[in-house]
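Colleague: Residue-level listing of the chains:
There are 2 protein chains.
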Amino acid sequence: MKNRNGHIKRQERHIAMHIRSVGLQFHPKPNYIHQFEMALSKFNLFHYQLNAVSCFLNRQLPKSARCLSTVLVPGEASGPSVKTTVPGPKSRQMIADLDKIQFAGSVFYFTDYKNSLGNYVVDADGNSILDVFSQISSLPLGYNHPDMHKVVQDPDNQIAFINRPALGIFPAQGWPEKLTNSLLSVAPKGHTQVNTMACGSCSNENAFKAAFMWYRNKQRGGASISDEENSSCLVNRAPGSTPFTIMSFKGSFHGQTLGCLTTTHSRSIFKLDFPALDWPIASFPRYKYPLEDHVKENEAEDRRCLAEVEEQFEIYNKAGKFVAGVVVEPIQAEGGDVHASPEFFQQLQRITKKNGAALILDEVQTGGGATGKYWCHEHFNLPDPADFVTFSKKMLTGGFYSLPEFRPQQGLKIFNTWMGDPSKVLLLEKVVQVVKRDNLLKLVELSGKKLMDGLKDLSNRFPQHMKNNVRGIGTFCAFDLTSPQKRDEAFFRLQQHGVQSGPCGEQTIRLRPFLVFQPKHADIFLDVLEKVLKEIQTP
Amino acid sequence: MKNRNGHIKRQERHIAMHIRSVGLQFHPKPNYIHQFEMALSKFNLFHYQLNAVSCFLNRQLPKSARCLSTVLVPGEASGPSVKTTVPGPKSRQMIADLDKIQFAGSVFYFTDYKNSLGNYVVDADGNSILDVFSQISSLPLGYNHPDMHKVVQDPDNQIAFINRPALGIFPAQGWPEKLTNSLLSVAPKGHTQVNTMACGSCSNENAFKAAFMWYRNKQRGGASISDEENSSCLVNRAPGSTPFTIMSFKGSFHGQTLGCLTTTHSRSIFKLDFPALDWPIASFPRYKYPLEDHVKENEAEDRRCLAEVEEQFEIYNKAGKFVAGVVVEPIQAEGGDVHASPEFFQQLQRITKKNGAALILDEVQTGGGATGKYWCHEHFNLPDPADFVTFSKKMLTGGFYSLPEFRPQQGLKIFNTWMGDPSKVLLLEKVVQVVKRDNLLKLVELSGKKLMDGLKDLSNRFPQHMKNNVRGIGTFCAFDLTSPQKRDEAFFRLQQHGVQSGPCGEQTIRLRPFLVFQPKHADIFLDVLEKVLKEIQTP
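Protein sequences appear in the order of chains A and B.
Residue 1 is where the first sequence starts when you use full-length UniProt numbering, and the numbers rise one by one after that.
Residue 1 is where the second sequence starts when you use full-length UniProt numbering, and the numbers rise one by one after that.
Hints are computed from structural coordinates only; laboratory data are not their basis.
Keep in mind that a hint or two might mislead.
A pair holds if it fits inside one copy or across any two, identical chains being indistinguishable in the list.
Claimed, not checked - Here are the simulated lysine-lysine pairs, DSSO-like style, with alpha carbons at most 30 Å apart:
id : residue 1 : residue 2
1  : Lys150    : Lys178
2  : Lys114    : Lys178
3  : Lys218    : Lys83
4  : Lys150    : Lys114
5  : Lys178    : Lys353
6  : Lys250    : Lys321
7  : Lys218    : Lys353
8  : Lys449    : Lys531
9  : Lys354    : Lys250
Could you build the full structure based on these sequences and the hints that come with them?
Modeller: Structure, rendered in structure tokens:
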């Protein structure tokens, strides 16, 4: 018994460490962890039967209905299967091994990518887990999608995987076509210009830079660059170094390099101890739910936040810290899946334009199809195209679209050695084809509806645990628990029952399934969530 | 004749645009471009004969001597072969195509990576060019190295190419071993800790952040983090946001995100129009050459620069803008291949340590073997291991080594979605094996000596064009022309004769050959350079 208790204590500490490390306020709950362990050997959940004929049926369907077929990734598991605690003993050993080399406190578990397939990730202990977090929303088609395998098996493509160029100087022949077939084929309305980058942070940093250049050129009004500008910027001084700023919103997340971090405000763990620039910050709407019962309050909230935007423009522009751009997520993801109305974004565009600044939509997390459109802001019916749309994650390459007026006037300004990675664009080209062929944006809409209906139903049935603020577009859904502690427990229990979700904000669970997430997967998820809500012990 | 002149004018404008776009002060020289065109059809340079038996002989050599064998990459061309101007008409068309999608002013030419092999890059017009720039020093083993092909052909490895994880949360099983076999197997002396990142800028940004955390924790002296710190940092205010700084050197290049840009001072084009932080800057030694004739002056130069470092520490620390770290390149590459003595670096380490700051060696360009050691600073005989060594480029993945005291205390602080890319580490693991198997660091030493001897000889024979400041370690060599205009012409003529070099600084040409660059390639390069020096027309 002593050993058993010791084991549970160790496990509890381990879990607490892991959840804390991602910023959750986890309070060790020996009771539920203990009970979970006891129960684990007694029941064997989730033996959803594989529909053996679905593969066959799939091939009989017309293309337009393929997304509705039962099997999009042949051979995918029929449900989660959990044999150990998550993380299990093998993962824990590997975490200890990794921790000798680097701080490993953020690792949830080690993964057996070879045996992962479709929506199911298999961990090092052989647990098969329904993954609705998709590598922080970054893997579009699930694990080992057969079409992705084809890309890397093609000898012509392998050239790109092993000869990474300095893309800004020596691109491969055919590169403009590759960009056209991939990024530009799904560009936001009105966009014909695109630059690739390696990651989301670099994408935002370079969009900021492009906005600064554009703003300064407007100020110059055609005057040539002075010697003083050229010499002063070398030592970080005016006039060559500008006092320009980018406005951002409370609760936002735009990356973790120092420029991006200045515009990030979601959680102190990202920012504490680091220097930041003095850039303007406005409030982002925080709506009351259900939306239909709080129309007036929420309209007032939009007005309050937009007034702050106007005010920040005035304060900073008057102080000579000219606001060259406003960066905003269409949905604040890391900050807790905070939504704002289309009207808010329409007005924000109007105010930004009026103040001579660029609107930078950070679609790093919202882009790539999870909202049922490639770009979340396409749901907002903006009067004009966004000035910049930045991306990464599900697009496999980082980068940004921008309107032609934001093209740099000189080389090397929006630049680095690699400027992205053509091999990622080859993969993206195939993703775009599969999304079209398998009608996956329609699927996102259908699966999203199923998810939202189910979540709303559960929030009505479990008001003691779930707040009545289920929200989402497509499968980009989230819900709040009634306390941070309950969120931690729900997140933990979901994992133990074979569902990998994503925590965000204070007490939110976000769902970021793959684009091959189907209504049947939504059913499985909702069943597990219901079970978890019944089990929650946190008072 | 009118057409021909029109053609030359267009070509001249095009070349001028391209060279200017990379910051060279190019002055159109219709004469030499015209003469080059005329001569092109008359001679057919560079028909070095392939030694047909060398493949066979190679296999008979003991491993220790493999690097001396004639053929390291079977099938490699025996010399450059140029059929058109560089860039040729096909490249120029593709540049025009790309320019419709993005500003393409930095592109030299489009490349046929499929037909490139070893040290020779083939451009879209079929010109085979001896590449001593290696994609801005980023590709270690040349084009289509057979061992690199094996990595991507292996079905087990293909898993990593198509299932990119959020590495900080869900690493693949076996990941600690992969890090051990690759990055840690070639770690700088004294280093056991490594973090991966996607690119050089992110590597430096995160090393800065780790230094800031470490410095703040020292200041706290074990006190816990206050609520005020947590809340103030969210809006970029003290005490949570710190006034900490990183010291850098004039002429340095550390990347192009806003934090890195604050420490970059090599050329105004990188910095103009962007905001920068107020961080300390000291002078980097500028030696008189030949070194042996200026020992006293150069020692004084070291002292002058080190006194500035001390002074900057005092000024910034006294002002409360505490200097948490000093970032420095072992050789300032982008800034013009500026070397400093081992004694300078030894003293810099001593001063940095005395002031309680971290020494961050930026080996993004100098690392990976081109100096004959994996890390250039290993030539400096530093009394202690460097606190941080950042890398990217030839290491294929970005990241940094750091001493154990710089480990973060919490997760998510040195973090982003991808945290590098395991597929790059798989490639690196093979590179490290090949470097060892083929004794490539020894080869770098031998080829480097050949290069340096040849360059010195040419600088003696062509004092009207080449400055007497040839410098280098291993194959990481550079030389100056006697004016920026001559450098531009030499760079252009080298390209036309089938050699791709790299410009840097004001009037420098840098050589960054692959690790499979052999003495025979050095001979070819030196022959072409001699030819170019004879042809130079710029007065």
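Colleague: Each hint should be assessed against the structure and marked as holding or not.
Modeller: These are the hints, each one checked on the structure:
no.	hint	verdict
1	Lys150 / Lys178	both (17 Å within a copy, 25 Å between copies)
2	Lys114 / Lys178	both (28 Å within a copy, 16 Å between copies)
3	Lys218 / Lys83	neither (63 Å within a copy, 44 Å between copies)
4	Lys150 / Lys114	both (15 Å within a copy, 19 Å between copies)
5	Lys178 / Lys353	neither (33 Å within a copy, 50 Å between copies)
6	Lys250 / Lys321	both (19 Å within a copy, 26 Å between copies)
7	Lys218 / Lys353	within (14 Å within a copy, 46 Å between copies)
8	Lys449 / Lys531	within (21 Å within a copy, 71 Å between copies)
9	Lys354 / Lys250	within (22 Å within a copy, 40 Å between copies)
Hint compliance for this structure: hints 3, 5 are broken, all remaining hints hold.
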